[in-house]
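Protein chains in written order, with this note's numbering: chain P, 233 to 695; chain A, 233 to 695.
If you're looking for bench data, these hints aren't it; they were derived computationally from the structure. Don't take every hint at face value.
Pairs involving identical chains hold if they fit within one copy or between any two copies, as the list cannot separate such chains.
As the list claims (entries may be wrong) - Cross-link-like lysine-lysine pairs, in silico, DSS-like; alpha carbons within 30 Å at most: (1) K299 to K288; (2) K694 to K431; (3) K594 to K694; (4) K591 to K694; (5) K548 to K268; (6) K644 to K694; (7) K431 to K497; (8) K548 to K308; (9) K326 to K644; (10) K520 to K308; (11) K308 to K634; (12) K288 to K560; (13) K326 to K350; (14) K296 to K581; (15) K351 to K497; (16) K644 to K422.
If you're wondering where the values come from, they're calculated on a predicted model, not measured in any experiment.
Protein chains: 2
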Amino acid sequence: MDARSITDFELYDIVAGGDKEEIESLKEVVLEGWVKTNRDNGSIGFIEFNDGTYFKNVQLVYHKECKDYELLSGLKTGAAIKVVGDVVLTPENKQPFDFFIKEFELEGDVEEDYPLQKKRHSFEFLRDIAHIRPRANTFQAVFRVRSVLSMAIHQFFQERGFIYVHTPLITTNDGEGAGNVFDVITHDTKDPHSFYSQKVNLTVTGQLHVEPFALSFRDVYTFGPAFRAEHSNTTRHASEFWMIEPEIAFADLRDDMNLIEDCVKYCINYILTACPAEMEFFNTMIDKTLFERLNHVVSSEFKVLTYTEGIELLQKAVKEGQKFENSKIEWGMDLQSEHERYLTEQVFKGPLFLINYPKEIKAFYMRQNDDGKTVAACDLLVPAVGELVGGSQREERYDLLKARMDELGLTKGLEWYLDTRRYGGCRHAGFGLGFDRLLMYVTGMSNIRDVQPYPRTSGSIKY
Amino acid sequence: MDARSITDFELYDIVAGGDKEEIESLKEVVLEGWVKTNRDNGSIGFIEFNDGTYFKNVQLVYHKECKDYELLSGLKTGAAIKVVGDVVLTPENKQPFDFFIKEFELEGDVEEDYPLQKKRHSFEFLRDIAHIRPRANTFQAVFRVRSVLSMAIHQFFQERGFIYVHTPLITTNDGEGAGNVFDVITHDTKDPHSFYSQKVNLTVTGQLHVEPFALSFRDVYTFGPAFRAEHSNTTRHASEFWMIEPEIAFADLRDDMNLIEDCVKYCINYILTACPAEMEFFNTMIDKTLFERLNHVVSSEFKVLTYTEGIELLQKAVKEGQKFENSKIEWGMDLQSEHERYLTEQVFKGPLFLINYPKEIKAFYMRQNDDGKTVAACDLLVPAVGELVGGSQREERYDLLKARMDELGLTKGLEWYLDTRRYGGCRHAGFGLGFDRLLMYVTGMSNIRDVQPYPRTSGSIKY
């Protein structure tokens, strides 16, 4: 078999291109991939075939005349095969072409207990076979979009001249001081902390480490893993996840919101363009409102509302009969998802920045507003989800930042962070965007365990 | 100050573009950034200014007539400033233009103990101020190239249709079974392993997790952090580093080597094109052989030599008087850097794949050759460094793989990995490329601590 090798993707691309000569050349070409389904009637057989390079299957056809007919008709779902054959256009059929098999080789057989048989499987079942589920339709779509969305993030920032910074994962600080960290130790039985001569943990945020880079390169971003040892057994929490954390110097909260809006719109447009087959699948099979929702976001101008105004609107709503699980709305409270969704879905019917939160419920590094009560934070709320992005202008004034850190007992070990305010500090801002949640949002997948290759949530770990 | 904001990069870009109208428009524009140096003679002053968006500084000029002359002349190295002014071309000078200051604002002052004063600092000293060193010339160059090289990696693989996979960092296996892992625990004093109900550690490789994705998507890659709790206090070892691990299905060792060669050449060409100023700096200030070395690699056809032939060449060399620290060359030994460098520098004078290593010195998952002694591994050796990439064809035959894993006691917990060989497995291959080492190689920087934003090596951790 010395024929020319080709992929699913290339086949579809050439056929869609419509160049007659190129299509004519698709004779005696080699395909290698996996059997999705196989059926035959004794004289003709059909294999739904996929090599993972494109979302759509190729229909392989084999005839009784083919010397390997018996072997072909015995092929099971999941088998890896290599075939040589010819492409024939089928404008009258649903699929644009068939592939007629001339030669065949079994590359890897599949045993009887193969768990991904041709039938509908629940996501719960598939989670338990994380090493096999990437072959299932839904996960072919999820993980391709995950890859493309990652690239969208990088392109968005790199096109704008941002510097990508690999902030460290092992660190001595716990970011916002929330305490739910994983510690990192070695097998030194005398002193498990001897490796670094001190206690270390996995990072919860790259922000503190990336700020000094913004104060050197102006516009920077991180895109890497972060960890939280939280026992939240919800559909939106994982103990390991990927975060995007841009940081921009000589910028304030308004600049930050502009960047968030541009970034979210860019990502949505990017995947709609780059993954049409997969997005169509999500819109049809996973969430029938997906396209409507995404198109609405892309064409909306994001609104801005202060936290204080938000509280007033919620209090008014409760008075007028709106029911919440928590209907005790008062200034200073941390809004729940139900409140956020009410504001973005019912009141504004579109993406909404909520800004200027009470300082007590936000992180120490956020810039204090002149009212003495609030900080220059912004959360982006979107319909169907609630909070998607959290950002803020950072406190660049040394005295105010130090006072706040002292008050919260966070100064020790972060002197270097404070120093950046004494050495040519400047106004700056940034945000954090959970990559896995963004992926859920743009695909309609409702459980974080179904958008991560090998999800890490509390209670169990496999693989 | 409502004038138009602009960056160093945009200024240089417009001036280099040569469009007269655009250059004329550079009046009353705003620059924001940091003072590198400042000198004046009482009637005219010059500030070397940089905002981090471009490697080259802008010369700001201020005259006695400027109302802020006194303030400007008092500006210290490191101060953050905002200036409004006009660009004037200076074709007779070294720098292509000056920027004449009309208005000025101090954005953030700098205190007397600012450690990055205008003088030459040792890399050792700068390592101790990791939060400040990104402003130093060398590190402006290093971290910009780091960012661009990251993008080069993503573009290389995405252009070829590879799927980017985020393999997990917290895992139950230790990859190749070398044992030098960091364990991950929580603050649960009764059972520090309760969070996942079992012992977990930080990953040493994403390969085992990414193979199932290659067996679903055909061509995939990881690009993420990996960890080794090794006490190697060398210039090439860090306990936390970023790795690139592609995996290709329906591919053998030759396909793997082709991919490695393409990838390395692509990356070098990419940064030479995208970072000319930084690369010029490295070639002038860090390693005067850099361009020669990189151009040589790009224009070379990578050679292939078996391990056995390599041993014979080394034995012959020793006989003829070649001195090594370890001159006892025998089949089965693990080659040292001095041996690898001898082969690539003295014998082949260019990039060289060494293939088919003894199975005892290579990982369990490498495909056994028919000789029963060697495995289908390939290490890419390059002049000045030695090993840059390690790859192999993977053992796809269940029985052989299981026997080898049983022999080494690695089967328990990796049943899922073995399963991929029973469920439509196929020949496949991949490689591992240490991103930080690649960055060292293409910049000429000789210590891994000087190419990582916040290096993590044994003995100490700051930041």
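Hint numbers not upheld by this structure, sorted from lowest to highest: Hints 5, 7, 8, 9, 10, 12, 14, 15 contradicted; others consistent.
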